[in-house]
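Chemist: Line by line, the protein sequences give chains H and W. Quick note on the numbering used here: the first sequence kicks off at 1 and runs consecutively. Quick note on the numbering used here: the second sequence kicks off at 1 and runs consecutively.
The set of hints was computed from the structure by calculation and includes no laboratory data. Note that CB positions come from ideal geometry on N, CA and C, so glycine has one too. Keep in mind that a hint or two might mislead.
Pairs of lysine to any residue residues, derived as SDA-like cross-links and limited to a Cα-Cα distance of at most 20 Å, are as follows [claimed, not checked]:
(1) K67/H <-> R136/W
(2) K116/W <-> A47/W
(3) K157/W <-> K67/H
(4) K155/W <-> L111/W
(5) K157/W <-> T44/H
(6) K58/W <-> K155/W
(7) K157/W <-> A38/H
Some chain H residues flagged as far from chain W (calculated, every beta-carbon gap over 10 Å) [what the hints assert, rightly or not]:
(8) E50
(9) S79
(10) V147
(11) E219
Listed here are the chains, written in short residue letters.
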Amino acid sequence: MNCLEFRRQLGADPQSAKADFLRHRQECAGCAEAHARATGFETTLRRAFEIPAPAQLAESILFAQAKREQRQRQLYRRSAVLALAASIVLAFGIGMRVRAEPLTSMAVDHLREEAATLTLTKPVAAQSVREAFATRGITLVDVPEGVSFVGCCPMGHHLTVHLVMRDNNQPITVIYVIDQRDEARADFQREGWRGRSVPLGSGTLILLAQDGTRFDEVEKTWRAAIGPASGSARS
Amino acid sequence: MSSKQRQFDALVRSLSGDLFRYAYWLCGDEALAHDLVQETFLRAWRALDDLREIAAAKAWLITILRREHARLYERKMPQFADVDEIEIAEERGTQLPEFTGEEGLIRNAMLRLEPKYREPLLMQVLGGFSCEEIARELGITPAAVMTQVFRARQKLKVMLTGDDKGSQVHELS
Numbered sequence: 001m002n003c004l005e006f007r008r009q010l011g012a013d014p015q016s017a018k019a020d021f022l023r024h025r026q027e028c029a030g031c032a033e034a035h036a037r038a039t040g041f042e043t044t045l046r047r048a049f050e051i052p053a054p055a056q057l058a059e060s061i062l063f064a065q066a067k068r069e070q071r072q073r074q075l076y077r078r079s080a081v082l083a084l085a086a087s088i089v090l091a092f093g094i095g096m097r098v099r100a101e102p103l104t105s106m107a108v109d110h111l112r113e114e115a116a117t118l119t120l121t122k123p124v125a126a127q128s129v130r131e132a133f134a135t136r137g138i139t140l141v142d143v144p145e146g147v148s149f150v151g152c153c154p155m156g157h158h159l160t161v162h163l164v165m166r167d168n169n170q171p172i173t174v175i176y177v178i179d180q181r182d183e184a185r186a187d188f189q190r191e192g193w194r195g196r197s198v199p200l201g202s203g204t205l206i207l208l209a210q211d212g213t214r215f216d217e218v219e220k221t222w223r224a225a226i227g228p229a230s231g232s233a234r235s
Numbered sequence: 001m002s003s004k005q006r007q008f009d010a011l012v013r014s015l016s017g018d019l020f021r022y023a024y025w026l027c028g029d030e031a032l033a034h035d036l037v038q039e040t041f042l043r044a045w046r047a048l049d050d051l052r053e054i055a056a057a058k059a060w061l062i063t064i065l066r067r068e069h070a071r072l073y074e075r076k077m078p079q080f081a082d083v084d085e086i087e088i089a090e091e092r093g094t095q096l097p098e099f100t101g102e103e104g105l106i107r108n109a110m111l112r113l114e115p116k117y118r119e120p121l122l123m124q125v126l127g128g129f130s131c132e133e134i135a136r137e138l139g140i141t142p143a144a145v146m147t148q149v150f151r152a153r154q155k156l157k158v159m160l161t162g163d164d165k166g167s168q169v170h171e172l173s
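Next comes chain H alone, as it looks inside the complex:
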């Protein structure tokens, strides 16, 4: 390292510990003197940089951090409570919606899901019909004729006996909902189906067909079969 290189290094980094820098300082008196002057300036410079930090600086930072952490925790807690409240409201809302959905609408949905039952034509034995109702805790007084399908189906959260009757080759779906009795008898139309809802016994009889002209007759036979109160519902 020559003097020029030494002075450049000295100006850029007086604290340099590079071997050739230190060697040149030992070998050259002029540069050693310049180094001493530079070191003095560095000491003054360093002292000048050392302005006093505000008293309690660390404490104020730690206090701010503790406060922010506390706020964060409160926020998390509040969010958790809000999320819980939201899920309760949501669950309640869904529950209400399920409860509020009318039987007639559920019956049409069920019929759509089990549309294949409408194609069955072979008569079902009266004993099978009795057994299906017996499974639901209902003893039939009589068994109407012309049943081509019988099954114990769940409909939403309701228990039902699902039947199909044939009249002049036209299927009529009969769904007896065991565990919910509608307030009043009503005829309805939904999604191209004609229907009738009849409070019967401890449940509701729902009739569905393309044409409702035979509903009176079918209702009459089922009123006679089920009776005013035909036993208690069983799951």
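Position chain W relative to chain H; hints supplied.
Modeler: The following block gives chain W in isolation, referenced to the frame of chain H:
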């Protein structure tokens, strides 16, 4: 107290002073420097798990502080002040005890130094960084860092002596 909290407390107590000084020379304002240091530590708390070596903590915190300072200036709208107000502010600054005597002269000179010279000098003298480390932090070459710290010292000397002939300026290649 969690081990993270203990580590954070130790960092704050050992480095907040240095960081404050660094912030002060970066922005030239005590209150702003205080806010910068506080915000730096609050950010550091959130990212403390990223700190692998405790020995690298100071450099890591200075990096956060520099980013915070840059963000502050991005957010800050340009402010136009009357020239008389600026003179009054400078007079107030120079009347403080820290700005009297020989060290006071250097401090005033430091505040007048352009940021492109002041910051690398600050990193070297106050931060204890090597030219290579400063180069990495500032995104420039080590040779450019050497030139800037060299010129920073020369400019300070000129400001202090009022005579640029008194300082031999050796340009770096």
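Chemist: Please go over all the hints and tell whether each is borne out by the structure.
Modeler: Results for each hint:
1. K67/H <-> R136/W: violated, 35 Å
2. K116/W <-> A47/W: Violated, at roughly 29 Å.
3. K157/W <-> K67/H: violated, 46 Å
4. K155/W <-> L111/W: holds, 12 Å
5. K157/W <-> T44/H: Holds: K157/W and T44/H sit about 12 Å apart, inside 20 Å.
6. K58/W <-> K155/W: violated, 28 Å
7. K157/W <-> A38/H: Within the cut-off at roughly 11 Å; holds.
8. E50: Given that some Cβ of chain W is not farther than 10 Å from that of E50/H, nearest at about 7 Å, it is violated.
9. S79: holds, 18 Å
10. V147: holds, 71 Å
11. E219: holds, 72 Å
In summary, the structure is inconsistent with hints 1, 2, 3, 6 and 8 from the numbered list given earlier, while agreeing with the others.
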